[in-house]
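Just need the whole structure built from these sequences, with the hints factored in.
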Amino acid sequence: MLQRLLAGMIGLLMLAGCGVEPVFAPEEFVRSKIYRHDGPPRLTLYTMINNSTGAGAHTSLMVNGSQRVIFDPAGSFAHETLPERNDVVFGITPAVADVYTRYHARETFHVRVQELDVSPELAEAVLRAVMAYGAVPRAQCALSTSTILSEFFPGTIKRGWYPKKLADDFQTIPGVTSRTLREYDSDDNRGVLANWDPERLAAEKATADAE
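Position one of the sequence shown corresponds to residue 237 (the numbering used here), numbered consecutively onward.
Watch out, some of these pointers could steer you wrong.
If you anchor each label on the Cβ, the simulated ranges turn out as follows [what the hints assert, rightly or not]:
1) 391 / 418: 30 to 38 Å
2) 411 / 257: 13 to 21 Å
3) 397 / 271: 30 to 38 Å
4) 410 / 443: 41 to 49 Å
5) 397 / 419: 20 to 28 Å
6) 356 / 433: 31 to 39 Å
In case anyone wonders, no lab produced these hints; they're calculated from the structure.
Don't be surprised by glycine CBs; every beta carbon is placed ideally from N, CA and C.
This is the structure in structure tokens:
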């Protein structure tokens with residue numbers, strides 16, 4: 237299965253024919269930020285939806301396996317404290333997962349969050365697949381994510397370009413839960429990350445735990 241998936245990924249990248257610049261954080265940086273979440277093995281599909289038109293704007297996938305990462309294909313989410321390799325963001329602590337969703341939810345967009353608990357074996361296979369996919373060209377977020385998921389949920393997930401269609405397909409998998417995150421911050425979401433200070437958050441948590 238994984239060999240077919242990798243072959244399909246290579247084909248898609250060749251067809252894209254565009255000069256995607258890969259981001260590849262150093263190994264030491266990645267290892268220092270690996271986060272292992274103690275929750276169940278889980279896939280979390282994020283779909284960003286335009287509040288005015290109802291159209292899907294972006295797709296991403298959080299995978300909780302032997303470590304927790306977010307596959308954010310052609311996404312704009314980036315922070316100096318978080319290593320990234322070819323659209324895979326490492327170190328997804330609860331605080332990072334929170335700021336990730338709040339970064340995308342604003343006055344012009346809301347976020348559909350769909351969660352599916354899976355076996356450890358499946359979570360690990362999906363984790364390997366997102367790490368192997370490579371840098372994703374612009375506008376191919378849903379295509380890349382659906383390409384990966386269609387290999388693990390054949391007949392349910394179909395490869396396609398549309399984030400909302402992928403979300404609807406994912407919802408038909410038994411066990412999927414769904415919620416919607418709405419916030420009404422300015423459409424300029426750069427401030428969410430600019431104001432995010434993980435060291436301050438850690439200090440505040442430590443103080444709260446000690447009280």
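Structure-based check of all given hints:
The given range of 30 to 38 Å is respected by residue 391 and residue 418, whose C-beta atoms sit roughly 33 Å from each other. The hinted window of 13 to 21 Å between residue 411 and residue 257 is violated, with their beta carbons roughly 38 Å apart. Residue 397 and residue 271 have their C-beta atoms about 31 Å apart, which keeps the hinted 30 to 38 Å range intact. A hinted range of 41 to 49 Å holds for the C-beta pair residue 410 and residue 443, which are about 43 Å apart.
Against the hinted window of 20 to 28 Å, the Cβ-Cβ separation of residue 397 and residue 419 comes to about 27 Å, which satisfies the hint. Distance hint for residue 356 and residue 433: a CB-CB separation of about 34 Å, consistent with the stated range 31 to 39 Å.
Going down the numbered hints, you'll see the structure goes against just number 2.
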